[in-house]
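Trainee: Read off the chains here:
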Amino acid sequence: MDHTFDLVIVGAGGGGLMAALEALRTNPQTSVAVISKVYPTRSHTSAAQGGVNAALANKDKDDTVELHVFDTIKGGDYLADQDAVEYLCSQAPLVVRELENLGAPFSRFPDGTIAQRPFGGTVKDRCCYCADKTGHTLLHTLFEQCLRRGVKFFNEYFLLSLEHDDGECQGVVAINMRSSAIEAFSARTVILATGGHAKMYWNRSSNAAGNTGDGQAAAFRSGISLKDMEFIQFHPTGLRKSGLLVTEAARGEGGYLLNRHGERFMARYAPQKMELGPRDLVARSMETEILEGNGFTSAAGSYLELDLRHLGAGTIKKKLPQIRELSMNFEGIDPIEEPIPVRPTAHYSMGGIDVNMAQTALCGIYAIGECACVSVHGANRLGGNSLLDILVFGKLAGREAALEAPRRASRPVSPHALKNAAAEIKSYISHKRYERYGIMREEMGKAMADNAGIYRTEVKLRQAVEDISTLRDRFRHIRLFDTGTVYNTNLFQILELKNMLDLALCVSMTSLERQESRGAHYRDDFPRRNDNAWHKHSLCTQSSDGDVKLCSTAVTMGKYGLEARSY
Amino acid sequence: MERREVSFRIYRYNPQVDRHPFYDNFKVAAERGITVLRVLNHIKENLEPRLTFRAYCQAGICGSCAVRVNGVSKLACTTQVWDELAESGDEPILLEPLNNLEVIRDLLVDIDPLLEKLKSNSSWLTSSIPEQQMGHKEHIVSETEFEVIDSASDCILCASCYSECSMMGVNRRYISPPVLLKAFRMNNDTRETLAGERLKQVTADHGLWDCTHCYRCVEHCCKKIPIMDGIHRLREEAFERRMSGSEGARHAQVFFDDIRDNGRLKEMTLPLRTKGVAGSLAMIPLALKMAIKMRTPPLFTKKIPGIKRVRELYLRLEKLNAERQSS
Chain A
1 MDHTFDLVIV GAGGGGLMAA LEALRTNPQT SVAVISKVYP TRSHTSAAQG GVNAALANKD
61 KDDTVELHVF DTIKGGDYLA DQDAVEYLCS QAPLVVRELE NLGAPFSRFP DGTIAQRPFG
121 GTVKDRCCYC ADKTGHTLLH TLFEQCLRRG VKFFNEYFLL SLEHDDGECQ GVVAINMRSS
181 AIEAFSARTV ILATGGHAKM YWNRSSNAAG NTGDGQAAAF RSGISLKDME FIQFHPTGLR
241 KSGLLVTEAA RGEGGYLLNR HGERFMARYA PQKMELGPRD LVARSMETEI LEGNGFTSAA
301 GSYLELDLRH LGAGTIKKKL PQIRELSMNF EGIDPIEEPI PVRPTAHYSM GGIDVNMAQT
361 ALCGIYAIGE CACVSVHGAN RLGGNSLLDI LVFGKLAGRE AALEAPRRAS RPVSPHALKN
421 AAAEIKSYIS HKRYERYGIM REEMGKAMAD NAGIYRTEVK LRQAVEDIST LRDRFRHIRL
481 FDTGTVYNTN LFQILELKNM LDLALCVSMT SLERQESRGA HYRDDFPRRN DNAWHKHSLC
541 TQSSDGDVKL CSTAVTMGKY GLEARSY
Chain B
1 MERREVSFRI YRYNPQVDRH PFYDNFKVAA ERGITVLRVL NHIKENLEPR LTFRAYCQAG
61 ICGSCAVRVN GVSKLACTTQ VWDELAESGD EPILLEPLNN LEVIRDLLVD IDPLLEKLKS
121 NSSWLTSSIP EQQMGHKEHI VSETEFEVID SASDCILCAS CYSECSMMGV NRRYISPPVL
181 LKAFRMNNDT RETLAGERLK QVTADHGLWD CTHCYRCVEH CCKKIPIMDG IHRLREEAFE
241 RRMSGSEGAR HAQVFFDDIR DNGRLKEMTL PLRTKGVAGS LAMIPLALKM AIKMRTPPLF
301 TKKIPGIKRV RELYLRLEKL NAERQSS
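Quick note, the sequences are listed as chains A and B, same order.
Counting in the working numbering, the first sequence tops out at residue 567, every number present.
Counting in the working numbering, the second sequence tops out at residue 327, every number present.
Hints were generated in silico from the structure; no laboratory data involved.
Only a predicted model underlies this, so the values are computations on that prediction, with no experimental measurement involved.
One should not assume that every hint holds.
Below, in silico cross-link-like pairs of lysine-lysine (BS3-like), each with a Cα-Cα straight-line distance of 30 Å or less [to be verified]:
hint, chain 1, residue 1, chain 2, residue 2
1, A, K319, B, K137
2, B, K200, B, K275
3, B, K308, A, K317
My request is simple: use the sequences and hints to build the entire structure.
Mentor: Take a look at the structure:
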């Protein structure tokens with residue numbers, strides 16, 4: 001079955017849904033389809049806990065957009081493009097209030113305004129929240145409004161490829177997961193909003209099983225560059241056993257990080273901001289404590305403690321209910337009674353599809369949110385800026401695409417694209433194939449966690465590049481054991497692994513290339529930031545023979561010059 | 001690390017090859033602390049790649065992985081295997097798809113009917129601010145007003161309550177608990193402008209008045225949301241808005257009046273007072289069947305001995321209600 005639309009949005013998280021609503025508001029005549037491999041409310045936006053930053057000045061009356069801009073640039077270790085950051089922060093009050101107007105149930109201050117709390121790496125308290133389920137409530141609000149507007153959803157469709165004719169958007173090819181029918185979505189404009197790729201660290205990741213970078217991989221294969229792929233954020237507080245996330249709000253509300261001597265060790269690393277230093281710094285400090293033997297030991301590995309007990313049962317139940325639930329379900333610990341065992345976990349991909357604001361290098365194709373790299377987060381994202389990113393750039397891309405679509409000719413997806421996709425899927429079924437998904441995926445996760453993790457060196461990164469390259473070779477022999485056509489989840493596992501392997505190669509190669517330490521990218525062998533040589537964005541592009549080509553592009557500067565970064 | 005070999009008995013059905021569903025048995029070495037979802041993943045990756053189920057966030061917030069574990073609907077990702085063992089003893093742990101939804105394959109069900117019901121009951125906020133003017137000013141909402149809808153906005157649409165609902169079991173067209181909860185959440189949001197319209201949709205046939213108060217939705221909600229409180233509040237709102245003409249509302253009113261007047265229900269005239277003359281005539285065959293089985297309710301109903309105290313209770317409740325409304 002073939003479809004034709006003015007705008008096809010791939011991904012139904014907060015960014016995709018915001019784009020759909022804004023496209024329809026800009027031009028109600030726009031025919032919009034949202035395709036997603038999961039039902040919209042399952043998207044990973046739901047897992048964002050802590051909040052969304054906006055200088056509303058409901059709490060600190062002297063907060064301004066300017067301060068938000070500077071916190072973001074400094075937090076990103078001066079790698080963010082300053083024009084993009086200005087746009088992000090200046091739009092923040094508008095989009096947060098818009099979501100409030102649409103129905104998002106924000107927590108409130110006694111005067112009835114949207115409540116705000118402190119978050120890492122900021123000088124003012126500007127994180128707006130709904131308890132510790134902010135992403136969940138924003139996602140549901142956006143989904144409800146999409147139902148109201150009658151947005152056309154193609155739920156449980158898996159993206160196979162992005163199609164263009166010599167740089168002009170044609171649309172996408174996707175597979176209907178329920179029937180395995182391969183379908184063409186011809187579209188004048190496409191917005192990729194497929195989320196991040198930090199699941200490539202598998203067991204050491206806070207991400208959903210499906211955060212496999214499907215949009216990034218499709219864009220990469222269609223010739224679009226990926227930017228700043230070496231920057232993967234490790235969140236300081238993942239649960240010890242599962243890697244699941246304990247929100248930064250736990251520290252925002254006053255939680256302590258303790259080592260096995262009962263010491264608040266952050267006093268030695270960030271004497272002023274303590275536990276509320278930026279995430280890269282806190283995660284690295286924790287890893288150092290663990291490496292130096294100051295961690296607690298357990299069968300599930302070394303860990304540190306996040307102590308909330310002094311906050312009292314009332315605050316924990318009211319402001320961090322989900323954290324309490326997660327701790328009880330996954331660690332068997334009630335944070336009212338005991339500290340939570342935590343260690344850093346791969347959490348967010350700062351890098352992604354190279355875009356200028358939301359526009360890729362191809363006409364009519366946009367990318368937003370975690371799958372894109374604008375760059376507004378630079379080398380390290382601040383907590384509370386990711387929900388903001390998807391709202392601001394989702395809105396921008398929706399508007400741009402709705403304005404652009406009528407100006408563009410319709411270029412249908414070529415039948416060859418469908419045939420190629422079908423042939424690829426069929427090839428996985430061959431009896432001559434022997435590699436198994438589960439084994440290869442474990443090896444990939446381990447290769448990335450061991451050798452492209454928080455502390456990196458040339459030796460380790462060379463090993464990571466080699467391991468991932470070998471896995472990509474072995475992928476040619478991977479076998480699809482399920483030959484059915486009704487919800488063949490075994491097939492989607494394989495397609496996701498393929499996407500992660502391509503992106504893991506980009507992450508390990510760019511990490512090896514960047515011989516400095518900046519933000520989340522820390523090289524033991526090059527422990528300092530080196531602005532002369534490396535104050536630039538990295539780019540990876542797929543060459544015609546399938547190899548990865550590396551190059552770079554300049555950072556857009558503005559008001560703020562390069563400065564040392566201390567907290 | 002404590003480990004045990006645990007047996008799982010899993011519902012299997014692939015419409016392409018199986019004429020009927022069957023159960024597959026797997027043995028897995030499971031350590032303390034492992035979740036049902038981890039076991040499903042282990043089986044899929046190591047023993048049976050064709051096993052089909054949904055899962056996504058693995059943290060109890062996306063709502064994808066609800067299944068029935070030993071007959072009870074819950075999230076696979078937050079359910080501890082050892083807790084289930086404590087319940088089932090040496091029996092294998094039984095994993096089955098949710099009830100009241102069509103099985104597509106194995107543990108995976110079609111949740112589209114739930115989404116359709118959300119759509120047809122206006123499950124969204126209709127703000128007083130026109131779309132083009134949004135983003136400039138926030139509504140002022142007090143902390144107490146927020147708290148009213150706080151718990152209801154926890155719903156992740158996992159459909160566990162949909163699967164456990166006893167009304168859904170007999171009528172798939174029934175509106176279902178999560179859709180009623182959503183209606184409660186919207187109608188009690190101080191920013192909402194179309195509460196009356198929504199209530200009309202919600203009180204239509206197969207709607208609000210069909211709930212049987214069995215509380216299974218509350219018992220099985222993975223987010224511990226007091227769904228029934230929401231349903232009761234919607235019913236109160238229906239009376240407040242004088243939407244008491246429907247059969248369901250009349251039925252509730254009859255119970256209210258009978259208990260106040262007699263302390264017990266006058267069953268004989270219940271159909272007449274709820275369904276009217278035409279509706280009652282249609283029930284004659286049922287009445288005859290009941291007569292044959294000697295199950296006809298008594299013709300005359302006596303007041304219960306303690307009726308005075310019942311009336312005192314009514315007076316106290318009415319007083320409380322008046323106080324609540326004036327504050």
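Trainee: All hints are to be evaluated individually against the structure, with a verdict given for each.
Mentor: Tested hints:
The straight-line distance between the Cα atoms of K319 of chain A and K137 of chain B is roughly 25 Å, inside the 30 Å bound, and the hint therefore holds. In summary, the hint linking K200 of chain B to K275 of chain B is supported, as the alpha carbons are separated by about 19 Å, within the 30 Å threshold. With a C-alpha separation of about 43 Å, the suggested pair K308 of chain B and K317 of chain A falls outside the 30 Å cut-off, and the hint is violated.
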